[in-house]
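Asker: One-letter residues, chain by chain:
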Amino acid sequence: MNYMPGTASLIEDIDKKHLVLLRDGRTLIGFLRSIDQFANLVLHQTVERIHVGKKYGDIPRGIFVVRGENVVLLGEIDLEKENDTPLQQVSIEEILEEQRVEQQTKLEAEKLKVQALKDRGLSIPRADTLDEY
Amino acid sequence: MFRYESLEDCPLDEDEDAFQGLGEEDEEIDQFNDDTFGSGAVDDDWQEAHERLAELEEKLPVAVNEHTGNGERDEMDLLGDHEENLAERLSKMVIENELEDPAIMRAVQTRPVLQPQPGSLNSSIWDGSEVLRRIRGPLLAQEMPTVSVLEYALPQRPPQGPEDDRDLSERALPRRSTSPIIGSPPVRAVPIGTPPKQMAVPSFNQQILCPKPVHVRPPMPPRYPAPYGERMSPNQICSVPNSSLLGHPFPPSVPPVLSPLQRAQLLGGAQLQPGRMSPSQFARVPGFVGSPLAAMNPKLLQGRVGQMLPPAPGFRAFFSAPPSATPPPQQHPPGPGPHLQNLRSQAPMFRPDTTHLHPQHRRLLHQRQQQNRNQHRNLNGAGDRGSHRSSHQDHLRKDPYANLMLQREKDWVSKIQMMQLQSTDPYLDDFYYQNYFEKLEKLSAAEEMQGDGPKKERTKLITPQVAKLEHAYKPVQFEGSLGKLTVSSVNNPRKMIDAVVTSRSEDDETKEKQVRDKRRKTLVIIEKTYSLLLDVEDYERRYLLSLEEERPALMDERKHKICSMYDNLRGKLPGQERPSDGPFVSDHVYPKREENGLPVFSFLSTEQAADIPSRTTAQTTSLLLIKKVLPCLLSPFSLLLYHLPSMTVTSLLQQLMNLPQSAAAPAPSNPHLTAVLQNKFGLSLLLILLSRGEDLQSSDSATESTQNNQWTEVMFMATRELLRIPQAALAKPISIPTNLVSLFSRYVDRQKLNLLETKLQRVPYLTKVGTLEVYDCGWGGGDKT
Chain A
650 MNYMPGTASL
660 IEDIDKKHLV
670 LLRDGRTLIG
680 FLRSIDQFAN
690 LVLHQTVERI
700 HVGKKYGDIP
710 RGIFVVRGEN
720 VVLLGEIDLE
730 KENDTPLQQV
740 SIEEILEEQR
750 VEQQTKLEAE
760 KLKVQALKDR
770 GLSIPRADTL
780 DEY
Chain B
130 MFRYESLEDC
140 PLDEDEDAFQ
150 GLGEEDEEID
160 QFNDDTFGSG
170 AVDDDWQEAH
180 ERLAELEEKL
190 PVAVNEHTGN
200 GERDEMDLLG
210 DHEENLAERL
220 SKMVIENELE
230 DPAIMRAVQT
240 RPVLQPQPGS
250 LNSSIWDGSE
260 VLRRIRGPLL
270 AQEMPTVSVL
280 EYALPQRPPQ
290 GPEDDRDLSE
300 RALPRRSTSP
310 IIGSPPVRAV
320 PIGTPPKQMA
330 VPSFNQQILC
340 PKPVHVRPPM
350 PPRYPAPYGE
360 RMSPNQICSV
370 PNSSLLGHPF
380 PPSVPPVLSP
390 LQRAQLLGGA
400 QLQPGRMSPS
410 QFARVPGFVG
420 SPLAAMNPKL
430 LQGRVGQMLP
440 PAPGFRAFFS
450 APPSATPPPQ
460 QHPPGPGPHL
470 QNLRSQAPMF
480 RPDTTHLHPQ
490 HRRLLHQRQQ
500 QNRNQHRNLN
510 GAGDRGSHRS
520 SHQDHLRKDP
530 YANLMLQREK
540 DWVSKIQMMQ
550 LQSTDPYLDD
560 FYYQNYFEKL
570 EKLSAAEEMQ
580 GDGPKKERTK
590 LITPQVAKLE
600 HAYKPVQFEG
610 SLGKLTVSSV
620 NNPRKMIDAV
630 VTSRSEDDET
640 KEKQVRDKRR
650 KTLVIIEKTY
660 SLLLDVEDYE
670 RRYLLSLEEE
680 RPALMDERKH
690 KICSMYDNLR
700 GKLPGQERPS
710 DGPFVSDHVY
720 PKREENGLPV
730 FSFLSTEQAA
740 DIPSRTTAQT
750 TSLLLIKKVL
760 PCLLSPFSLL
770 LYHLPSMTVT
780 SLLQQLMNLP
790 QSAAAPAPSN
800 PHLTAVLQNK
810 FGLSLLLILL
820 SRGEDLQSSD
830 SATESTQNNQ
840 WTEVMFMATR
850 ELLRIPQAAL
860 AKPISIPTNL
870 VSLFSRYVDR
880 QKLNLLETKL
890 QRVPYLTKVG
900 TLEVYDCGWG
910 GGDKT
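Protein sequences appear in the order of chains A and B.
Quick note on my numbering: the first sequence kicks off at 650 and runs consecutively.
Quick note on my numbering: the second sequence kicks off at 130 and runs consecutively.
Hint data in this document are derived by calculation from the structure and do not stem from the laboratory.
Any given hint could be a false lead.
[What the hints assert, rightly or not] 25 Å max Cα-Cα, derived DSS-like pairs, lysine-lysine:
1) Lys642/B <-> Lys657/B
2) Lys730/A <-> Lys527/B
3) Lys730/A <-> Lys703/A
4) Lys527/B <-> Lys665/A
5) Lys730/A <-> Lys704/A
6) Lys657/B <-> Lys647/B
What you are looking at is a predicted structure, and each value in this text was computed from that prediction instead of being measured.
Go ahead and model the full structure; you've got the sequences and the hints to work with.
Answerer: Written out as structure tokens, the structure is:
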């Protein structure tokens, strides 16, 4: 079917439900409506899915236009199997709360780590701060 | 100046009256000044006016603030606390707290969360319409601007029936206020780079040239029957005449519908009709940005040399058999009829700079289009389609938003992608992939050999190798311009300096080099010799100053130096056996050593000295050109010559007269000798030699007979020549030896002697002598004149 094996072309993915992972870590699920040569995407009826542990929550977002360079990966969702997951869907508030908690624990762990390193005279620059400069 | 509550209050028509009224009211007071600074000044902030206007719009949708949970905000707005509200609104644009996120809030409102049904589009999360309808009420007025308008449009649009081939060209383009600026490029209603929309209809082009704020939608092109649920791209349309071969159910009577753009391209731009074809046409079909611009360029740039390829790669019919042998492309085909033929003939030719599609790729593209069409045709009940496909089709049918992206646009994207696969050197650009596929193919070939099973069709990525063309940069020339306009781009950066490269040929360069080297060498040798000369002169002084014992040593050194000088003069390079060619010495040494050379000869020993004149005489012909210098050398030469033995004299004479050593039959005229005689130096030399010889003869009577014979011969030659040459041609010798007459008288009879005397009569000295002689000889007659 694919007349250009080895290439990545999104033409056949149009009008199908996709899961898109962005560079900032967000996960979007939506119908791919349009593309261009830079792999900019137009997602329709998009939902942002937040995963924390085994739970996830969906935030409906509407139409997304994603710049191609920000896409890490995307894949088609099999509509029949899409709910066949061990994950548990929760409400938005809950998932947001969970996310916040997760962030917090992560930050604290990071802080401890940095402190421990500092005590030993080492310093590892944070990856996210590197990006800024 | 005038306070208005709303736009409607602006008295557009009453302007004139109002101003007139103002003027009439009070002429003394400066109205403008008063309005600005005086009592009439109205401190009306335009921002406030704007706010008020905004309020009017906000009033329409019902708004409730979720934050505060009440209508406080609305009241505040109405009260007119503009600035604070503005700041708040702005801050709301940036949502940090998720609780402020309208999407989340909206979603929260939709509790309880319904279980999404598998595979169904009607889950509450997905069905935005229901959600929106429910939560319309509690939403903020301020939040509205952040939410796209379309979302509100969604619920209102009734779900459309299975209209896959819905006319999506109804998508209205936003209104653009445009003003035609003379001389500026044509205003594009559609920005460059947007995917192709649809074909332009000729009647529409007029609009673009004079763009107006109101956008006029293009009329619909004739629709094709329903089975083809997609736009017919020009590619497909072009293929229509040939489609009968493939069993296209398309009525063959329908002529290919081509936009004027395509037609113009096909005809190579030859038939440019005013009003029909314009650059703005391309605005309508921006999808073919590559080719139309390429087509336009040849028109714009008249100076462009090279073939104007009818750049219609996208319009080639590829459904037919592989392209036949290609006749050279015709630039101006007679009409639209045979244009397809022309196109097909273009097939294998393509611009290697990858702005056009490789034919293989194009073929694939068309095949795929065909496949898609077939798919749509066999929507229901194709046996080979799996359940997956059927469900997919099902969804597509039910999905009202399907096919938002037109097939044409998809083709456009895939065309770009295929173009990117073209490379001039696949192994360079994509080494690992090429190798990988080679291995795969080898494996499969091996398998096939063994198994002999059905040949699986191996889909291979086609990375066609595009030939690399050397593009000679031809500077772009604009028609109608004065002078040269510089246009620089990444491919032809501008010249910084107008430097012209003057490259000489190899031979010339080497010759020049040789000459230069020789001169240098000569100069070096001259320098050395001169320094040696100075040293030798110094020896005299040292000799006097030094003690007895050291004198022999000094003498030896002196000798040695003289030898080296001599060698230098001979052109003998240190380390070489043979002296280098004479001309080197003669041409360069003597001219340069006018003053310096003279003392040298005095130091040279006899045999050394003899050699030099001999070599000089041997090269006299070449020296004859250098007339100025040689006379200076005459005096030292004469000194030398007067000390020469007879043998050398004879040989010298012979050399001078260019006689072979062994006696040969004398030629009637000797050109060499003639030249010598005509030259001052030569003549002088000759005469000196002769006199010397005479001296020798007269003094030394015991010479050998052979020598004598030779001498006689030489003498005869000389005299003969002297007689032969007319007097006028004879050069004036610098000095004439005194004993010449006696010399001549010995060999020549009186008559000839007379002639000789007359010839040499220029020198009064000789004449006197001659006359005296004549008298003595008893010539009768009167005075000699």
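Asker: Taking 25 Å as the top limit, are the C-alpha atoms of lysine 730/A and lysine 527/B close enough?
Answerer: holds, 19 Å
Asker: Quick one, are lysine 527/B and lysine 665/A close enough, alpha carbons at most 25 Å?
Answerer: Measuring from Cα to Cα gives roughly 13 Å; hence the hint holds.
Asker: For a C-alpha distance cap of 25 Å, please report whether lysine 642/B and lysine 657/B respect it.
Answerer: holds, 22 Å
Asker: Could you grab the alpha-carbon distance between lysine 657/B and lysine 647/B and see if it respects the 25 Å cut-off?
Answerer: With a Cα-Cα distance of about 15 Å, the restraint between lysine 657/B and lysine 647/B holds, given a limit of 25 Å.
Asker: Mind checking the alpha carbons of lysine 730/A and lysine 703/A for me, to see if they're no more than 25 Å apart?
Answerer: holds, 18 Å
Asker: Does the alpha-carbon distance linking lysine 730/A and lysine 704/A stay inside the 25 Å limit?
Answerer: The hint holds at about 18 Å.
Checked against the numbered hints listed earlier, the structure breaks none of them; every hint is satisfied.
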